[in-house]
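Starting from the known structure of chain W, arrange chain S on it as the hints suggest.
Listed below, chain by chain, are the residues.
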Amino acid sequence: MARKTIKVNYLSRVEGEGSLKVVVRDGIVRSAELGIFEPPRFFEAFLRGRSFAEAPDITSRICGICPVAYQMSAVHAMENALGVSIDGPRRDLRRLLYCGEWIESHALHIYMLHAPDFLGFNGAIDMAREHGDIVRRGLGLKKAGNEIMSLLGGREIHPINVRVGGFYKVPRRRELATLAESLKAARDAAIETVRWVAGFEFPDRERDYVFVALSHPDEYALNEGRIVSNRGLDIPASQYEEHFEESHVARSTALQARLKDGRSYLVGPLARYALNFDRLSPLAREMARDAGLGPVCRNPFRSIVVRAVEVVYACDEALRIIEGYEEPAHAAVPAEGRAGTGYGATEAPRGLLYHRYRLDADGSIAEARIVPPTSQNQASIEEDLAGFVQDSLDLPDEALQHRCEQTVRNYDPCISCATHFLRLEMDRA
Amino acid sequence: MPTRSKKPRLAVWKFASCDGCQLTLLDCEDELLAVAGAIDIAYFPEATRGKIEGRYDLSLVEGSITTPHDAERIREVRRRSATLVTIGACATAGGIQALRNFADVKEYASVVYARPDYIDTLATSTAIADHVAVDFELRGCPISKKQLLEVIAAYLAGRRPQAPAHSVCVECKHKGNVCVMVAHKTPCLGPVTHAGCNALCPSYGRGCYGCYGPMESPNAVSLSQWLKPLGLDERDLQRLYRTFNANAPAFRKESERHGP
Chain W
1 MARKTIKVNY LSRVEGEGSL KVVVRDGIVR SAELGIFEPP RFFEAFLRGR
51 SFAEAPDITS RICGICPVAY QMSAVHAMEN ALGVSIDGPR RDLRRLLYCG
101 EWIESHALHI YMLHAPDFLG FNGAIDMARE HGDIVRRGLG LKKAGNEIMS
151 LLGGREIHPI NVRVGGFYKV PRRRELATLA ESLKAARDAA IETVRWVAGF
201 EFPDRERDYV FVALSHPDEY ALNEGRIVSN RGLDIPASQY EEHFEESHVA
251 RSTALQARLK DGRSYLVGPL ARYALNFDRL SPLAREMARD AGLGPVCRNP
301 FRSIVVRAVE VVYACDEALR IIEGYEEPAH AAVPAEGRAG TGYGATEAPR
351 GLLYHRYRLD ADGSIAEARI VPPTSQNQAS IEEDLAGFVQ DSLDLPDEAL
401 QHRCEQTVRN YDPCISCATH FLRLEMDRA
Chain S
1 MPTRSKKPRL AVWKFASCDG CQLTLLDCED ELLAVAGAID IAYFPEATRG
51 KIEGRYDLSL VEGSITTPHD AERIREVRRR SATLVTIGAC ATAGGIQALR
101 NFADVKEYAS VVYARPDYID TLATSTAIAD HVAVDFELRG CPISKKQLLE
151 VIAAYLAGRR PQAPAHSVCV ECKHKGNVCV MVAHKTPCLG PVTHAGCNAL
201 CPSYGRGCYG CYGPMESPNA VSLSQWLKPL GLDERDLQRL YRTFNANAPA
251 FRKESERHGP
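Residue numbers (the numbering used here), protein chains in the order written: chain W, 1 to 429; chain S, 1 to 260.
Same shape as in the complex, but just chain W (with noise of 0.2 Å):
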């Protein structure tokens, strides 16, 4: 086998559009380029001139999957700038939102995009025409999550309720309890699935990654904590830009996020789980042992058992939000505008999303910067992709081709997220 190139051109079931491609000369991949041919949109260049309020409504547009996580790196990031806080139940309203996030687009993934390509299926509906049950289990944990969204953010899609300084409404306490016996199923839901995706079949393939999440030292962290690695780096997210950068790579066109050492890094559900451990409630540590885990999971095939851990922490997280509750007095604290730089980095489901603005007097955006965690992850797909097909070469080209488009499904790329993301150059050789 002299030459073989391999590429799946639109690359199904990850959310935006991205292709992939591997070309492999004399029996040694030479390369491994996930392409991006997102349209780019330019939030950063646009957010200038733009109101400090008006951020989390603007960057939430950069990804309709998880929303609120560019609403929550932005008020956090804009607070830092006004020197405003927010603690108390304002503070767990915007991380019950978030669990709502997360418990949406983790059983989006687990069940609508990724569980199709360990059972052999096209997708979640061709699934259901055989297993019709565990598609109305996803369907259903998924509606919980969206029912948190809807009741707190107003939307599933661009919740509308989120502000600087806090919400426009919070919820009674007779509202929020309604959801809890829909999270009580859910949770419920949650253990079946991770007792599910825990019996599919996995590759035997682990990485040394370099996991990067933010971390608390109380918490599961979500929406504050420091950056931490297991390497060592321990940072608040002021020092972010010191300590990573991203390139504007010619071969592939696309703004990849490295260590400043020029190593790849990986954030997400493995990073987060690894770093925090044991910080996840005594249920969701438990149905991990169940399932197999330990306190790392280094197999990124396995991601997707790790996705559904979160997801029972994310049912019980927001189920002791909901019961220790109590109304706040405001719905917001006062936030005015200022000079000043705030930082914010918060936990998407797809992992780290950082956040940076500088403001004039006028509490006007004056610069912008932007990191979503799939161009973080850019580099650890490739390196993953190149790997496998290294050792998977006798596979005949179909299996190896379904094989790497669920290499990359594994890190859940959530590809219109990533503005920095650009149409690849295509190597056709």
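Simulated from the structure, these hints should not be mistaken for laboratory data. Please read all numbers here as calculations on a predicted model, not as lab measurements. Backbone N, C-alpha and C define an ideal beta-carbon position, used for all residues, glycine too. Be a bit skeptical, because a hint or two may be false.
[Said to hold, decoys possible] List of simulated lysine-lysine pairs, BS3-like, C-alpha gap at most 25 Å:
1) S:Lys145 / W:Lys143
2) S:Lys185 / W:Lys169
3) S:Lys175 / W:Lys169
4) S:Lys175 / S:Lys146
5) W:Lys143 / W:Lys169
6) S:Lys173 / W:Lys169
7) S:Lys7 / S:Lys51
8) S:Lys7 / S:Lys145
9) S:Lys146 / S:Lys7
10) S:Lys173 / S:Lys185
11) S:Lys175 / S:Lys185
12) S:Lys146 / S:Lys173
13) S:Lys185 / S:Lys228
14) S:Lys173 / S:Lys145
15) S:Lys51 / W:Lys169
16) S:Lys51 / S:Lys6
17) S:Lys146 / W:Lys143
18) S:Lys228 / S:Lys253
19) W:Lys169 / S:Lys145
20) S:Lys253 / S:Lys106
21) W:Lys143 / W:Lys184
[To be verified] Here are the computed distance ranges between Cβ atoms for each label pair:
22) W:Leu395 / S:Asp117: 37 to 43 Å
23) W:Ser31 / S:Pro68: 55 to 61 Å
24) W:Arg263 / S:Lys228: 52 to 58 Å
Leaving out everything else, chain S in the frame of chain W:
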């Protein structure tokens, strides 16, 4: 029981967008399997592996046209589609990315990318209807789940979808909301904004920010007169009309009357 091939074939296409409007279909958790029972979801890359082949009875198109390649691709989609429905503010008005239409896209590229010369993009972001004939436009950023199901149901029944073009104000009145502008002096685009969200923002004590775009016959000039006494300056007014439907003619025109 009709055979699978007799069912109408549905395709979901994506142009420049956030994926939220096509996600709306997957968010129909209670209805999705019934929809899949009535219509053959033949091409929907976000949800399923499948190839572009043949013709489609109903195409849902998300996203705006921002690259030369996409300007070609939408023509191909039109050729393959018996009925073409655009979904969401990007597809119906150019979306938030149409803010480039008021700026220099080269300057934008140089702000975001180290090598702007790699970027192949058009100077404008435009609605699908600016490029090909569109059979129905569904508004919203994002679209409403209920209205999407209405579009599909109407298609299956061979009738026109019911999606009133009156203002958000009418929805507030139907809901019995207290007017946020009258009662709380909160600036609100409800009087000029297309219905469909069921007056969501005012129901949360917040002014409408126009994510469904202009209503059928908006009087934005008059609304701006009412907004000024609420403390909005010229720059605020321009920002208010220039968000997710900035390039919709009525909002564009009104935004051009204001500015810093």
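We went through each hint and held it up to the structure:
1. S:Lys145 / W:Lys143: holds (13 Å)
2. S:Lys185 / W:Lys169: Roughly 16 Å between the alpha carbons, so the hint for lysine 185 of chain S and lysine 169 of chain W holds.
3. S:Lys175 / W:Lys169: holds (17 Å)
4. S:Lys175 / S:Lys146: holds (17 Å)
5. W:Lys143 / W:Lys169: OK: lysine 143 of chain W and lysine 169 of chain W at ~22 Å, within 25 Å.
6. S:Lys173 / W:Lys169: Given that 25 Å is the threshold and the Cα spacing comes to 20 Å, the pair holds.
7. S:Lys7 / S:Lys51: Measuring from Cα to Cα gives roughly 18 Å; hence the hint holds.
8. S:Lys7 / S:Lys145: Holds: lysine 7 of chain S and lysine 145 of chain S sit about 22 Å apart, inside 25 Å.
9. S:Lys146 / S:Lys7: holds (22 Å)
10. S:Lys173 / S:Lys185: Status holds; Cα separation ~17 Å.
11. S:Lys175 / S:Lys185: holds (20 Å)
12. S:Lys146 / S:Lys173: holds (20 Å)
13. S:Lys185 / S:Lys228: holds (11 Å)
14. S:Lys173 / S:Lys145: holds (22 Å)
15. S:Lys51 / W:Lys169: With Cα atoms ~45 Å apart, lysine 51 of chain S and lysine 169 of chain W exceed 25 Å; violated.
16. S:Lys51 / S:Lys6: Holds, at roughly 19 Å.
17. S:Lys146 / W:Lys143: Holds: lysine 146 of chain S and lysine 143 of chain W sit about 15 Å apart, inside 25 Å.
18. S:Lys228 / S:Lys253: holds (17 Å)
19. W:Lys169 / S:Lys145: holds (23 Å)
20. S:Lys253 / S:Lys106: This hinted pair holds, its Cα atoms lying about 24 Å apart.
21. W:Lys143 / W:Lys184: This hinted pair holds, its Cα atoms lying about 13 Å apart.
22. W:Leu395 / S:Asp117: 37 to 43 Å: holds (39 Å)
23. W:Ser31 / S:Pro68: 55 to 61 Å: Given about 27 Å between the Cβ atoms, the range is violated.
24. W:Arg263 / S:Lys228: 52 to 58 Å: holds (55 Å)
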